[in-house]
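Peer 1: Take a look at the letters that make up each chain.
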Amino acid sequence: MNPIIRGIAIYLFLLVLFRVLGKRSLAETTTFDFVLLLIIGEATQQALLGDDFSMTNSLMLITALIGVDMVFGTLKGRFQKLDKLLEGTPLILIDHGKPLKERMRKAGVEEDDIMEAARLNHGLEQLDQVKYAVLERNGSISIIPFNSSS
Amino acid sequence: MQADNTVEKVDHSLTLEEDLKLHIRGWKTQKIGAVLILILMILAALGLFGEGLLSARKIVKEGVSVEYEYFLRYQKEMDIAFRLSDQGDIRVAVPLQYLDRFKVARIVPEPNESVISGDYVIYTFRAEKKGKKLCRFYLQAQKPGSVKGSWKVNQQHFEMSHFIYP
Numbered sequence: 014m015n016p017i018i019r020g021i022a023i024y025l026f027l028l029v030l031f032r033v034l035g036k037r038s039l040a041e042t043t044t045f046d047f048v049l050l051l052i053i054g055e056a057t058q059q060a061l062l063g064d065d066f067s068m069t070n071s072l073m074l075i076t077a078l079i080g081v082d083m084v085f086g087t088l089k090g091r092f093q094k095l096d097k098l099l100e101g102t103p104l105i106l107i108d109h110g111k112p113l114k115e116r117m118r119k120a121g122v123e124e125d126d127i128m129e130a131a132r133l134n135h136g137l138e139q140l141d142q143v144k145y146a147v148l149e150r151n152g153s154i155s156i157i158p159f160n161s162s163s
Numbered sequence: 003m004q005a006d007n008t009v010e011k012v013d014h015s016l017t018l019e020e021d022l023k024l025h026i027r028g029w030k031t032q033k034i035g036a037v038l039i040l041i042l043m044i045l046a047a048l049g050l051f052g053e054g055l056l057s058a059r060k061i062v063k064e065g066v067s068v069e070y071e072y073f074l075r076y077q078k079e080m081d082i083a084f085r086l087s088d089q090g091d092i093r094v095a096v097p098l099q100y101l102d103r104f105k106v107a108r109i110v111p112e113p114n115e116s117v118i119s120g121d122y123v124i125y126t127f128r129a130e131k132k133g134k135k136l137c138r139f140y141l142q143a144q145k146p147g148s149v150k151g152s153w154k155v156n157q158q159h160f161e162m163s164h165f166i167y168p
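Those sequence lines, one after another, are chains L and U. Final position of the first sequence in this note's numbering is 163; the numbers increase by one with none missing. Final position of the second sequence in this note's numbering is 168; the numbers increase by one with none missing.
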């Protein structure tokens, strides 16, 4: 198969797969997740290169992968709906110290995850010190403490 | 919809665009996706992509049996095994369309002769005595798609078909 088509097929497959897994999947990476990523990389490499280890093949593949990413980047910039669809939108998880349980459950976020972000970024001790906790598009949790605006 | 009712609505002062409908749709899609991944895993384990119950085929005809895989993968080697009972010399005729789709990696045992005749390549295996015989053709898929053909073993036809994944 043509390396460009192979590259595009693998890119789209991984895009759909990681979108289906949800954005918390990569934000909460454990050591085992890194091992899993290495295995995925190794398996993908075989499918991408096939039995052609020439420099031309790898250059074509790199060009294809960067190219598709570039096209998607441009399209996301131009069409807001596509941007939202592929990258998602932020999600509020804590509202004035009150955990929004249903949202947290559906997004796969625990109170512990939020408190970890609150401790790490703001040195907060209690959940009621959090005005808002937001699950960002990149999968990280941002914390807005009560004292930051008042 | 139930999901719309259970997810908390928030009236916030933050400058952020929270599209709750999109989130709800996304969660539903994720559930469907997770189920599809599980189904795919089960089907793959059963042989939908080769090497399993769904892929294994066996044809038995008057003392000759042929075992092969229906689902194959591009550039993956597979074997077609012929088991014969109480036969002397063996002549296996391979349709030419197979050679267009597959590379013959090796044949065990090595044939004594190979001749092109019409739409077939005929491999002949000489045997000293009659008895049980086994020969294997190791083939490597070179093109994706489906392939169908009639192999002949000592003039008996064996209809075989495969699907080669890219």
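Just so you know, these hints were derived from the structure itself, not from any lab. The structure displayed is predicted, hence computed values, not measured ones. By construction, the Cβ of each residue, glycine as well, lies at the ideal position given by its N, Cα and C atoms. Please note that the accuracy of each hint is not assured.
To be verified - Chain L side only, calculated, beta carbon under 8 Å to chain U, not exhaustive:
#1 Asn15
#2 Gly35
#3 Asp64
#4 Val84
#5 Phe92
#6 Leu95
#7 Lys97
#8 Gly101
#9 Ile105
#10 Asp108
#11 Gly110
#12 Leu113
#13 Glu115
#14 Arg116
#15 Lys119
#16 Val147
Peer 1: Are the hints correct? Go through all of them and say.
Peer 2: Verification of the supplied hints:
1. Asn15: violated (11 Å)
2. Gly35: holds (5 Å)
3. Asp64: holds (7 Å)
4. Val84: With a minimum Cβ separation of about 22 Å from chain U (threshold 8 Å), the hint on L/Val84 is violated.
5. Phe92: With a closest approach of 14 Å, the L/Phe92 hint is violated.
6. Leu95: violated (12 Å)
7. Lys97: holds (6 Å)
8. Gly101: Holds, about 7 Å.
9. Ile105: OK, holds: L/Ile105 within 8 Å of chain U, min 5 Å.
10. Asp108: holds (5 Å)
11. Gly110: Status violated, d = 13 Å.
12. Leu113: holds (4 Å)
13. Glu115: With a minimum Cβ separation of about 5 Å from chain U (threshold 8 Å), the hint on L/Glu115 holds.
14. Arg116: holds (6 Å)
15. Lys119: For L/Lys119, the interface hint holds, since the closest Cβ of chain U sits about 5 Å away, which is under 8 Å.
16. Val147: holds (7 Å)
Of the numbered hints stated above, those contradicted by the structure are hints 1, 4, 5, 6 and 11, listed in ascending order.
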